[in-house]
Amino acid sequence: MRKIVSAFTFMCVIVGLLAFGSLSLAADEIKIGIIDTYSGPPSSYALDVLDGFKLALNKINAGGGVLGKKITFVTRDDKFKVDLGLTAAKELIMRENVNILVGTINSAVTLAVSDLAQKEKVPFLVTYAKSSNITGAKGHKFVFSMNENTEMIGKAAAIGLAKRPFVNYWIAGDDYEYGHAVADAVWNHLKKLKPDVKLLGQSWWKVGEPDFTPYITSILSAKPDAAIVATGGAGCIPFLKAAKNTGFNEKVPFYMHTATELSTMKPLGLDAPEGVIGTSNYYFYYPETPENKVFVEEFKKAYGRDPSFGSLIGWFTANFIAKSYEKAGKVDAEKFAQALSGMTIDSPAGKLTVRQQDNQLMLPMFMGVTKKAPGYDFLIATDIVTIPAEELMPSIEDIKKVREK
Amino acid sequence: MDFSTTITLNGLIQQFLVGLSRTTILFIVSSGLSLVLGVLRIPNVAHGSLYMIGAFLCYSISTLFGAGSTGFWLAVILAPLGVALISLAAERGLFCHLYDREHLMLLLFTFALMLLCRDAVKIIWGSNYRSLSPPEILQGSLSILGMPFPKYNLFLLGAGPVVALGLWFLIHRTKIGKISRAAAVDRDMVGAVGINVSWVFASVFVIGCFLAGLGGALVAPTQNITQGMDHTIIMEAFLIVIIGGLGNVWGALLGALIFGLTDSIGILVWPQFSIVFPYAVVVIVLIFRPKGLLKATW
Amino acid sequence: MVERQNLVASGYSRLTWLAIGLGFLIILAVSPLFLPRFFTYLLALILITGLVTTSLNIALGFGGMYQFHHAVFYGVGAYTVALMLTKTSLPPALGFILGPIVSGILALVMGMICVRLSKLYFGMLQLSLGSLVWVLVFRWYSFTGGDDGLHGVPVPKLISSVSGSYYFTLIVTVICLILMYVILNAPFGRILQAIRDNPERSESVGVQVRLHQLVTQVIAGFFAGVAGVLFVTVEGSTFPDMMSWTLSLEFLIMCLLGGWFTFLGPMLGATIIVSLRTLLGGYTEYWTMVLAIILMLLIFFLPEGVLGYFEGLYRRRSASLAEDR
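As they're listed, the protein sequences go chains A, B and C. Residue numbers for the first sequence follow the working numbering, so the first one is 1 and each next one is one higher. Residue numbers for the second sequence follow the working numbering, so the first one is 406 and each next one is one higher. Residue numbers for the third sequence follow the working numbering, so the first one is 704 and each next one is one higher.
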């Protein structure tokens, strides 16, 4: 009998401890759930974001956290698949009880998770997906875009390209949402700014296209003044390679959004074509402000490589979260969302603001041209022109219009 | 969007040539798949993974030797051999116990192998993109009919027939080729004549996988070497083998030609829907000739 | 070689099985009351995946056809209902009914082309036809949403919450399972298994082999479509991945794991894989490697699947018991 009683007490203590443990855990930490693609080709971008995020978070926690609580995070790998991403998001919300969701690189996963975040009232900070629907047609008060979207890319590119003397264009790109969205955005804005531009034709290739040579030769045979290449992620590198091998860049100047980004230029080394026009939201070597230098140094010290735009996204996402909780004054989803909407922080890329009306981060864009430079074992962007965020944000009327639909 | 495009004859010829050089890679990879399928009856889903490993090995070996021309040529020879070695281990260790299983089991088994290879590649090479430049003499482009044509693609155009001839010689002129052709028709009979069928199978498997590795090594300088290469090629290779006739190496050549050319001509004719072209052609061929264009070996 | 057996060869009396089934059903019915929400959702996912794999197994295990691209029917069912709910103002119920019907029609069309062939050829042809469907869905932005898929599908309020969608899934799945069981035990199902075991002999005694196989394709496609509809109810989304060939292979693995010559084997396989994937996938990046190793061990040592293995054990024991008497 005594044995049974003691066993029973023992079990009660254990259960009580467990329950108390989980309670106390929940009380003094803020938990962030990160869903992203950590396997397969897109994982190099996702890891950049994660490292930037960790860098900022460590600093915040070392300084005592926010509201007296530490910020912790858990990651889930969606393998670039929507179903896995959705299940992971539900698991993070329902089982891990995360306060905030962060991710993902895949627009389809992002849109699906955003829908869930709205239903579950959990703030969701998007870190790499570029669909303009995220804060546009499908936007809501709990979803925040921490990076540029296809509309912004299009507007920025159109502003930059309109200043150049090209008239006859060719459009080519990835045959999926991102490619078409970027191409449409660039072309529509370009036509508005410079009505005499002409489109000679377009080519679309499937995602993961191994060899771009046939497309390039078909573009060359049309002899356009310039080409708009709307390819992203895995497609950039082989396209630039094929461009170099065919001498495409010497015959037809072309624009590609991520062409000048570190994530694209680094793997190509000195094999990248010169003279490619590209836009990016961040270079670790430009602008040479003290804030940027500090960030680059810290990142390099922690991870042994130069930070890419993804690293910066991770960095300011963590800072936005911390600042918003401070402003909100308590751990509450509604209060947090209200605080983050309209928030401004200092970053290596200057002051950044989350636009109140659509929760889209206002990021300036830099247009540059690839060039070999002494001291770098890869090509860097030169002749950099800054396009301020105010000029390239989608208009609020447009946002209202698409949301009403 | 408004657009109009005119197709010039020069453009068409150019596109045709580029399509042919793409066909080379497809042919090399799918002939290996077809060989394994025809003789061993293994629908090897992991074939694409071996192609990917070939590309990664080519990258590693050529950077090991200083990323120059010698490094590249050494890599093109050594990388497929490395893949062959891996496949020999897989055959002796795993597949040779499974020959009497159903195709479905073999399919799923190779799928498991594909998943395993994918994670192994991720562990060994990480998740960054890799890029390899062609050797010095094959960089840049030549002018053909007034259009630039990459020298490396020209090299691929030449490599295709060499591999095809080599395969023809192997299958029709060597002892192992004759035995394996016989084994494809009736493996018990071959065993009964006192030939060690097990080793014949092993060598055919290794040759097939060597071709996958060769395809991967040759394709390495034209694209970025990354995880996920396996996924894109394997479906295409299977479709090519099916329309060509299962197990028929010449069928693989014909299938690769059809697949590669409809793709590249489709790009010129109707760019927006070019992705649908090859798939549609495959379905049309199969509706009329469900067992493929050429005679299957079984 | 795997020992093949017919459906109701087990020794337990029907009553015992019924009691076990009912007990299990009651547990499933009350579990949302005390399970955390996430596990209720997970149960719904398991039921859906189990329904697809069971429908796949009608063609695979009982029909002897190499159903290599079953996910197409699953995806088409899901897309049909999602499109009906988002793009039209027709009553939602119509969409729920139309989903499986469209899948069934697609299965009929693809089946008419495929059943002329057998075994590996059948599978390969289905794979290429399925890929064409996938390409069309993937490519047709204005209609299917392309690679982004359709999200935030307005599922009726009553069945859109976690527990609401769970109960809807549970009821529909149980009804479908019963229907499939009845079909397989009807004369049709018995003929089908006879065709699987010996197509030539069946042909010679006057069975219309092709017709039976075609009908099987339609049945399997229809129930896969039902599962697709349920998926939309639970997740509120569809996307092209739902009809990718890798997903089809995963379904095959589940059948194999559970036992593809048993009725409930695929359900068991789905349970194991889905729960492992969800619970393990959160902790290790290398979940696919675990899956690969499980699969390899399975093919080497347990080719008849988990449930098949235990059934075999049971049969052997009762046979030896009978001998002793």
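Among these hints, one or two may not hold up.
When the alpha-carbon atoms are kept at most 30 Å apart in a straight line, the in silico BS3-like pairs for lysine-lysine are as follows [said to hold, decoys possible]:
no.	chain 1	residue 1	chain 2	residue 2
1	C	Lys822	A	Lys119
2	B	Lys580	B	Lys700
3	A	Lys330	A	Lys121
4	A	Lys371	B	Lys556
5	B	Lys580	A	Lys300
6	A	Lys400	C	Lys822
7	A	Lys119	A	Lys194
8	A	Lys206	B	Lys527
9	A	Lys351	A	Lys371
10	C	Lys860	A	Lys121
11	A	Lys141	A	Lys59
12	A	Lys301	B	Lys527
These aren't lab readings, by the way, just hints derived from the structure by calculation.
Here's how the hints hold up against the structure:
1. At roughly 46 Å between alpha-carbon atoms, lysine 822 of chain C and lysine 119 of chain A are farther apart than 30 Å, so this suggested pair is violated.
2. Between lysine 580 of chain B and lysine 700 of chain B, the direct Cα distance comes to roughly 22 Å. Compliance with the 30 Å bound is thereby established for this hinted pair.
3. Distance restraint check for lysine 330 of chain A and lysine 121 of chain A: the Cα-Cα separation of roughly 16 Å lies within the 30 Å cut-off, and the hinted pair is therefore satisfied.
4. Among the hinted pairs, lysine 371 of chain A with lysine 556 of chain B is consistent with the structure: their alpha-carbon atoms are about 24 Å apart, no more than 30 Å.
5. Between the alpha carbons of lysine 580 of chain B and lysine 300 of chain A the distance comes to roughly 60 Å, so the proposed pair goes past 30 Å and is violated.
6. With a CA separation close to 56 Å, the supplied pair lysine 400 of chain A and lysine 822 of chain C exceeds the 30 Å bound.
7. The straight-line distance between the Cα atoms of lysine 119 of chain A and lysine 194 of chain A is roughly 43 Å, outside the 30 Å bound, and the hint therefore fails.
8. Restraint check: the Cα-Cα separation between lysine 206 of chain A and lysine 527 of chain B comes to about 24 Å, which is no more than 30 Å; the hinted pair holds.
9. Annotation: proposed proximity of lysine 351 of chain A to lysine 371 of chain A holds, straight-line Cα distance about 28 Å (limit 30 Å).
10. Taking the CA atoms of lysine 860 of chain C and lysine 121 of chain A, the gap is about 17 Å. The hint holds against a cut of 30 Å.
11. This hinted pair checks out: lysine 141 of chain A and lysine 59 of chain A have alpha carbons roughly 28 Å apart, not beyond 30 Å.
12. The straight-line distance between the Cα atoms of lysine 301 of chain A and lysine 527 of chain B is roughly 25 Å, inside the 30 Å bound, and the hint therefore holds.
The structure is inconsistent with the numbered hints 1, 5, 6, 7, although it conforms to all the rest.
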